[in-house]
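Asks: Here is how the chains run, residue by residue.
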Amino acid sequence: MKKVRDSIQPPVIEFADVVLDFQSASSPLTFAVHEGEFAFLRSTSLALIALGVRQAYAGEIKIFGQTWESRTVRKVELDRHRVSYVADSDSETSTEWVENLDVDENVLLGSHFDRGVASKAAFSKMEQLASRLGMEKGVPSSRPDSTSVPDLARAQWVRAFMPEDLALVILENPLEGAPRKFIPDFIELIQESLSNGVAVIWVGEDRPDFDALGLVPEFEF
Amino acid sequence: MSLFTAFSGPGRWLSEVVRKNYYLAAISVECLFTAFRSRSWAQPVRQRLARQILFGGVEALPFTMFSGAIFGVVLAINSFKWLEFTGRIDFLGPALSLLLIREAAPFFSSVIIIAASASAITTEMATMRVKGEIDLIESQGINLIQFLVMPRAIGLAVAGTGLAIGFVASAFLAAAAGIAWIGSIPPGPFFDSIFSSLGLADFVNLIGRSSITAFLMGGICCFEGLSVRGSTTVVPQAVTRGMLRSIAVTLVISAIFGLLTYI
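Residue numbers (the numbering used here), protein chains in the order written: chain A, -3 to 217; chain B, 835 to 1097.
Calculated from the structure, these hints are not laboratory results. One or more of the hints may lead you astray.
Stated by the list, open to error - If you want a taste of the chain B side facing chain A, the calculated C-beta under 7 Å gives, among others:
id, residue
1, Gly966
2, Glu967
3, Ala1082
Said to hold, decoys possible - Calculated lysine-lysine pairs in the DSSO-like style (CA-CA distance at most 30 Å, straight line):
id, chain 1, residue 1, chain 2, residue 2
4, A, Lys133, B, Lys854
5, A, Lys58, A, Lys116
6, A, Lys116, A, Lys71
7, A, Lys133, A, Lys121
8, A, Lys177, A, Lys133
9, A, Lys121, A, Lys71
10, A, Lys71, B, Lys915
11, B, Lys965, A, Lys58
12, B, Lys854, B, Lys965
What the hints assert, rightly or not - The calculated label-pair distances, taken between Cβ atoms and stated as ranges, are:
id, chain 1, residue 1, chain 2, residue 2, range
13, A, Gly173, B, Ile1041, 51 to 57 Å
14, B, Arg880, A, Glu188, 45 to 51 Å
15, B, Phe897, A, Leu209, 57 to 63 Å
16, B, Arg873, A, Ala12, 51 to 57 Å
17, B, Phe900, A, Glu88, 43 to 49 Å
18, B, Phe897, A, Glu31, 58 to 64 Å
In this text, all values refer to a predicted model and were calculated from it rather than measured experimentally. Yeah, the Cβ is synthetic: ideal placement off N, Cα and C, and Gly gets one too.
Let the hints inform the model, and build the full structure from the sequences given.
Replies: Put into structure tokens, the structure is as follows:
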């Protein structure tokens, strides 16, 4: 696997010989992604492991130069507000939604607990992102199990770009179930985030046609 | 069988009891500290608190008052008959105050909280855990104590206190009606004897027992629910543990308040 070129800035995320689970023990992951870099990672879901919510089978993960174990509880919460992800909707080991909240409540949930983010500002941002992604009536105010798959896919996109001080976005098969018509708008959001210094990792077991999408991964692992 | 083997079973049980109660104490203290920070009360937390008071308190109030009325009538009639027999009918007010306010109301409100809310909270937390929703919440930097535990524990404390007060009110009203019917004692003198016998210890018992017990039950049920691992088959086991521990804490708190009141 390629390693990222050295940079004077510490990587936003680093994996060192990380084994996600015992089934993938033969292929440890080692990579680092810096600010504003776009990387493709051929792998199964890893967002919850990258965020320190679940433990990797082996290896060390650092976000903003620190392991999760070395942080205080409050620091963990603050740093998790800077990382977002689109969960793989086909994953059997994780869920994308809190079922007893409406989809729009799910999207706003993290913002409510992010210090310094006013409720009205978060709501306004959600509406703007939804409008850009073709949801003219906004993010649905229905329960996830009553919402269509295309709307859920776009709601995940909205949620992924909600954090105010976003530093890293992990996209796990983000196009799964998404309406093709709005994929260019989603790609535009990714490109804007990259130019704003956000690191983006696209994760999937199959490499999408990035040329057709208009994205150029700087690194592939 | 060696001495070690003989004591290892009870030792493991005791160690588990100590561990769980240590965690309960830690969760309770964290809930209280979190509650006193104004920034803890984000909109989803306030919503959850309101729902908990509604489901745990308001919706259970009619049944609680019905139970209180039945209990009040039965207790009043029995007390009246025995006190009349012993020639100490003047103790009717103080006796009913003591039994209803200090003992029956907090106990019954706890029983109703266990029946109406404890299993629901444990089930909800356990289901969220096995479905991966807790991981999702944590991944967004949301503190589980702040978002899930605190509003439920405090909501139950408010609900439990309200139910206890409702129980007492309906019990005394029904008792007054019962006494007026069988003993021909008008409600006025009956309530005078009740109010003149009330002291600080009665209010402390009523509010303290009902609120503290319900608060701890909220922490217990959330802890048992969030502790599960595996599939949905473990959820009923967590519910059973939550309810049994809630019953245990009801009895322990009653005993502690009883000792503190009378010693």
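Asks: Work down the list of hints and note, for each, if the structure agrees.
Replies: Going down the list of hints, with the structure as the test:
1. Gly966: With Cβ-Cβ at 4 Å, under 7 Å, it holds.
2. Glu967: holds (5 Å)
3. Ala1082: Interface hint status for Ala1082/B: violated (29 Å vs cutoff 7 Å).
4. Lys133/A / Lys854/B: violated (48 Å)
5. Lys58/A / Lys116/A: Measuring from Cα to Cα gives roughly 33 Å; hence the hint is violated.
6. Lys116/A / Lys71/A: holds (25 Å)
7. Lys133/A / Lys121/A: Given that 30 Å is the threshold and the Cα spacing comes to 14 Å, the pair holds.
8. Lys177/A / Lys133/A: This hinted pair holds, its Cα atoms lying about 17 Å apart.
9. Lys121/A / Lys71/A: Satisfied, since the Cα-Cα distance of roughly 25 Å is no more than 30 Å.
10. Lys71/A / Lys915/B: violated (66 Å)
11. Lys965/B / Lys58/A: holds (27 Å)
12. Lys854/B / Lys965/B: Roughly 24 Å separates the two Cα atoms, so the pair holds.
13. Gly173/A / Ile1041/B: 51 to 57 Å: At 53 Å between Cβs, range holds.
14. Arg880/B / Glu188/A: 45 to 51 Å: violated (34 Å)
15. Phe897/B / Leu209/A: 57 to 63 Å: Taking Cβ atoms as reference, Phe897/B and Leu209/A lie about 59 Å apart, which means the hint holds.
16. Arg873/B / Ala12/A: 51 to 57 Å: violated (36 Å)
17. Phe900/B / Glu88/A: 43 to 49 Å: holds (47 Å)
18. Phe897/B / Glu31/A: 58 to 64 Å: Because 59 Å falls inside the window, the suggested range holds.
Checked against the numbered hints above, the structure breaks hints 3, 4, 5, 10, 14, 16 and satisfies the rest.
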